[in-house]
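*Asks:* Below, each chain spelled out in residue letters.
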Amino acid sequence: MTDWNAMDDEDFRQDVRRFFEQKYPEQLRYPLQRLRWAEIKGWYLTLAEKGWLAPNWPVEYGGMGLSPAKFLIFLEEQERWGVARTPDMGMTMVGPLLIKHGTDEQKAYYLPRILRGEHIWCQGYSEPNAGSDLASLKTSAIIDGDEFVINGQKTWTTLAQDATHIFMLVRTDPQSRKKQEGISFLLVDCASPGITVRPIANIAGHEEFCEVFFDNVRVPKENIVGEINQGWSIAKAMLSFERITLGSPKQSQYALGRLELLAHQRGILEDPVFLDKFTALQLDVADLASAYARFADVVRRGEALGPDVSLLKIWATETYARISNLMVEAAGAAGAMGGKIDFGAAQIDVLGNFYYARPAPIYGGTNEIQRNIIAKNVLGLPS
Amino acid sequence: MTDWNAMDDEDFRQDVRRFFEQKYPEQLRYPLQRLRWAEIKGWYLTLAEKGWLAPNWPVEYGGMGLSPAKFLIFLEEQERWGVARTPDMGMTMVGPLLIKHGTDEQKAYYLPRILRGEHIWCQGYSEPNAGSDLASLKTSAIIDGDEFVINGQKTWTTLAQDATHIFMLVRTDPQSRKKQEGISFLLVDCASPGITVRPIANIAGHEEFCEVFFDNVRVPKENIVGEINQGWSIAKAMLSFERITLGSPKQSQYALGRLELLAHQRGILEDPVFLDKFTALQLDVADLASAYARFADVVRRGEALGPDVSLLKIWATETYARISNLMVEAAGAAGAMGGKIDFGAAQIDVLGNFYYARPAPIYGGTNEIQRNIIAKNVLGLPS
Amino acid sequence: MNMNTMNESHVDRDDERRLLKDSVRAFVERTGGASRARALRRCSPGFDRSVWREFADLGWLAVTLPEAYGGLNLSLAEMAIIAEGLGGAVAPEPVIEAVSLAAGVLSHAGGPLAEAILPQVIAGTLIPALAWQESTGSYSPDAVATKVQTDSQGGLSLHGVKAFVPYAEASDGFVVSATDACGLVLFWVPASAAGVTLTHHRLATGASVGRVTFDHVPVTEDNRVASADTAARALGLAIEEATVLASAALVGLMSRVLDITVEYLKVRVQFGRPIGSFQALQHRAVDLYIQRELSNAALADAIKELSANGNSSSAHGAVSRAKARCSDAALLICREAVQMHGAIGFTDEYDLGLYLNRALVYSAWLGNSDHHRRRYATYWKDRAQGVAA
Amino acid sequence: MNMNTMNESHVDRDDERRLLKDSVRAFVERTGGASRARALRRCSPGFDRSVWREFADLGWLAVTLPEAYGGLNLSLAEMAIIAEGLGGAVAPEPVIEAVSLAAGVLSHAGGPLAEAILPQVIAGTLIPALAWQESTGSYSPDAVATKVQTDSQGGLSLHGVKAFVPYAEASDGFVVSATDACGLVLFWVPASAAGVTLTHHRLATGASVGRVTFDHVPVTEDNRVASADTAARALGLAIEEATVLASAALVGLMSRVLDITVEYLKVRVQFGRPIGSFQALQHRAVDLYIQRELSNAALADAIKELSANGNSSSAHGAVSRAKARCSDAALLICREAVQMHGAIGFTDEYDLGLYLNRALVYSAWLGNSDHHRRRYATYWKDRAQGVAA
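Order-wise, the sequence lines are chains S, Z, H and D. Our numbering applies: residue 931 is where the first sequence begins, and numbers increase by one. Our numbering applies: residue 931 is where the second sequence begins, and numbers increase by one. Our numbering applies: residue 436 is where the third sequence begins, and numbers increase by one. Our numbering applies: residue 436 is where the fourth sequence begins, and numbers increase by one.
The hints are simulated quantities; they were obtained by calculation from the structure and are not laboratory data. Not one of these hints is a red herring.
In silico DSS-like links for lysine-lysine, alpha-carbon gap of 30 angstroms or less:
no., chain 1, residue 1, chain 2, residue 2
1, Z, K1109, H, K701
2, Z, K1108, H, K701
3, Z, K1068, Z, K1109
4, Z, K1270, H, K816
5, S, K1166, H, K701
6, H, K701, S, K1108
7, D, K456, S, K1306
8, S, K1180, D, K739
9, H, K701, Z, K1306
10, D, K701, Z, K1108
11, S, K1306, D, K701
12, S, K1109, H, K701
13, Z, K1306, D, K701
14, Z, K1166, H, K701
15, S, K1068, H, K701
16, Z, K1306, S, K1306
17, S, K1180, D, K816
18, D, K701, S, K1166
19, Z, K1109, D, K701
What you are looking at is a predicted structure, and each value in this text was computed from that prediction instead of being measured.
Please model the complete structure; the sequences and the hints are all you need to start from.
*Replies:* As structure tokens, this is what we get:
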């Protein structure tokens, strides 16, 4: 078995790059939307076969066991080549969760099934009245004999229609004094009776989110992760790494490249007014990439990220939105046309970028929440 | 005596315009800062002699008795010609206040002295800890026999060093339940023992503001205006007209003209990038002028202005600030030079505009307060 | 209110306009507002022909057309009220596109074709489209590659490709701009003419926009709407008017989006408080409100200027000012509305997406804010030079 | 820390830099920070010569100069630490202007004049100034109208007017750019030379900036610093370095202003609450913080690129990126700081004005953000063409 961490960084990068370039399907590069299971399944299984599905899991659980530094290289190459996200909640969330907090039985049962592509997980956090204020969630799980009985509703569950399992936060103690207490972490089979999944189309016409309804869904007691009523602190600890991936400059860099191509095709790249706006965005992206690299160094050194990492998510998503706005403007009369549009030799999906830039400042903790975090935990401003 | 209101609007406008053009000192046109008494006294007395000091006071009190429509024409011509504000608190605030709420004795004593240029008034509202939160003012006035005894401090008092009198809000009932209650309106002679005036220089180097200290200052009881502890509602009612004058487009129009001249002299008026920014500001100013005209129509019809007038102050002051920012940028290497700078044939005070644009969003109720007003009283958003 | 009776009444103009506004609002409420747009999108022809007939009955298709053709000869201000009201309900019927723009060109050009076609437009039985832009997307009426060719027998034919023709698939005929040896000409070509082919593209709203190919389409002098200066004037004025009406539609839709958003801020509770009590959101909402008010002001000026001074450079300036402000404001308000709603604002089943898409369409149509800022600068430079000269 | 001992120590580079940072901070705290700037402004020469000598003793005037001239031969990164620290205290001494820019040109050019002058600069006994810009304000080193003329006897003289020379009144001599028959040349002219006259203008900070007239100033070959490519390279590189250091000073001052403002938001109470608890102000403060962090990131890249790649187009790109970001961010943060303070922020006795003025000076100096965005675009286009070729 290869000890990846022993490899020279550059050699490792070349290996990863070669694999992506050779094996990743060309037509799936840089998708604007999340791909459905039917589209991405082949790639998922290719990764599984290679043993590369779970780069940052320890080797003993079937992962690559990459150090933070190597894992970042892996992610960078993935983004560089425009490799789509798989339904990766099993790898990014459930695996690390179980490795840290799971019982031996849970690990033995679930982890291999994730790596075989047998279990596809989705995340049941948000509820209709618990969005930014996630801790106010109401979906209840009441112990009845050897089982929890779940009632309630989750929403904005990404690709639940493709998932076989859902890991979710539920309220197990409705009497708790603080809303953050009394929340537990449950693993649930989506085939359980009483679960209904309703896809929600977004404004781009894709069914990326779902509502998931729970009507007396019975789940074995041993499906709890960690202690009862301790789910909130577990969930919170898992969010830290997400904040740096949401702040990656790659999306903006890719969009900037499309914008450049569009402007070139329309003959306005040399137009001084356009060029000035474009240059300002180039600088925004370059500075983002540079700030990102500084945080990535922290991860690479194996240190914990501070609350200041929230600035990446704010700047990355708002920069992407500005780029997509300029793309609409630069398209001129074609700026309202849906789908891929012919600009001379190039086909560009102007509105696709515009639409996908919309939710970016919302998901993963809205930018308002991120600003609150910096105001309180970095600047020390009072509540 | 001329019945101005009977005149045709255009004839009236021509009369006013002619007077300003003939009599107003050329070197005092469009001053960036407020003029000191020594500079503006001559013009003040010219206006007094003409009987035009108090355009909107009723004729019986020595004013011109202009209707709202005619008064707006008067103001428009004043702004068009760049006529400076005189120390006009006597005319704009004290006069209307006394005419509405004053005793016969107060009217008989004060009004003629204002019109003769004998009494120059300043406004004592703000305190070090009562800025945006004006109603939390603490300067106390305690009745002792036939007098009030004032102790405390006012600040940001414009041109107090030139004033003979100050009209001020004081706390006469420290026990009142709500902070807005227990406030009274007093007229005070600045020559009273115990008053100290300390001018404060601003970042442009001018002493426009003062601190005014009150140390056992004794004021006759009859110097109160209105009922005791009713000062807040009187003061509030007086602010409504201020909000439209603070929203006038004239300052921005003038600054835009200077910016155009600067750009012309520097040869960048045809530069597409500059021109694009300049055009955006032209549109901002044109739309401001148009919105202003809609509110002016309300005044002209003699109707009360709603809370939506706050939008003018926000947009006017922030547009002026943006123009002054672009002026600094357009000046290039000369953008950090103080005072008037030679740009070919023209002399332009780049930083003067930049400095004077700074406090504009602050005074007359900060733009944050104005936004709160619109949020609550126009959009009906909850507290 | 049926507008056909409007001329005869003796109420004053303000009251008339208030009644018209109420009438549009009543229609919108009765017919279900945005839900109608939702039901009709991505279908062909993308709007409701029975509603179109209702518009005809209400007189809305006749507002600005001259009495000579059976029109009401009312002003642009009345038409703007209709555009704003329909914009607020994202009504999909191409009133501005077919009536104000395409029929507007015929009306300004006058002549036998106007006499023949406009009464049918007013009756709602014929829907015209204007085919003027080429695939470069230029907004200059002079940038015409489409040609009228004369064959050896003196027969005429029209040859070229027109792009960005809204609702081309629903149109009964096209007013086509082209050039012949003498300059700009306008021809009327029935959609069914030989050599006319359409390809469609979907706009953000789901409505179709056509690319119309005229492949040596035979025409006669009877098809000629106008030539040279008359053609340029008619085309230019109708485009200005349609631009103002698109601005009015944008004002209508941004107002509705602002209302929806403010309402959501009041009722949506997070952290135990309505989110509209959070000051950061309040101030953002206020900034949107200010943009709406500025849009209103700019629109009113454009209506006034264009009504008073026709195809003048000061009118062009005012029109560009309005279109630039309204386009930017509508897009800003829609984008911010999505942000302030959170995830629900991004769902297809919530109405915001319909408004956002309409804002995209009308802000791009007839020139986006970038285009109109540049045009304003040209107008301003011309004026400055005129003053200097 | 006395930097003269720095080369000899064995602590690693990061520790060295931390020590240097502490040393600058200690100096600033000991000498009263912004109050010193307040006391010295609008006086001549606008800074403290005894502090200048102290800088010399600390080795701060020797940091980037080569050991051959008695310098420490440390990197731009060390100098940036000093610039950032002094910027945070609005220290008025012209370290960047005289040492990094003017002496920097001499150092990069080398030769007998460098040998003669630089040791005096390092000792703090001679203050040079660079006179390179003309009154047009162009930032192109080639845009030179000043000429070296040869009279009939072969005698040389310098003729022209140089503008925007910071601290000219305090300078002992000028490095002057001019052209002769062969192109760009650099001459050293003592301030006392016949034919040299100064006029002053006050900058926003109160410091003076000079316009230096060279009226047929006789020079000899001994005055020649460099010619042609050597001159262009020395001038170009020193300007890039000074631009990065001005960016570092801007980072220092914006950080201090952000600190002052955040502190004020915590202690200023209105409506019974610290104003820093109002969410609208919190979010504005966060946006300023983000700009500061981006400035930090851009600055670090520029230091790295310029140190690694010298006078290359990728270094130019990184330098322009840093100067554009830092200039905009510093001005934004200062302007917003004034707004968030309310009236007190506009008073002369509060320190903010000192920082705002310094931000104005350093953001305009060596090209404002508009200039550097345009230069970045040029760099990027060149690179894109290079890639295509």
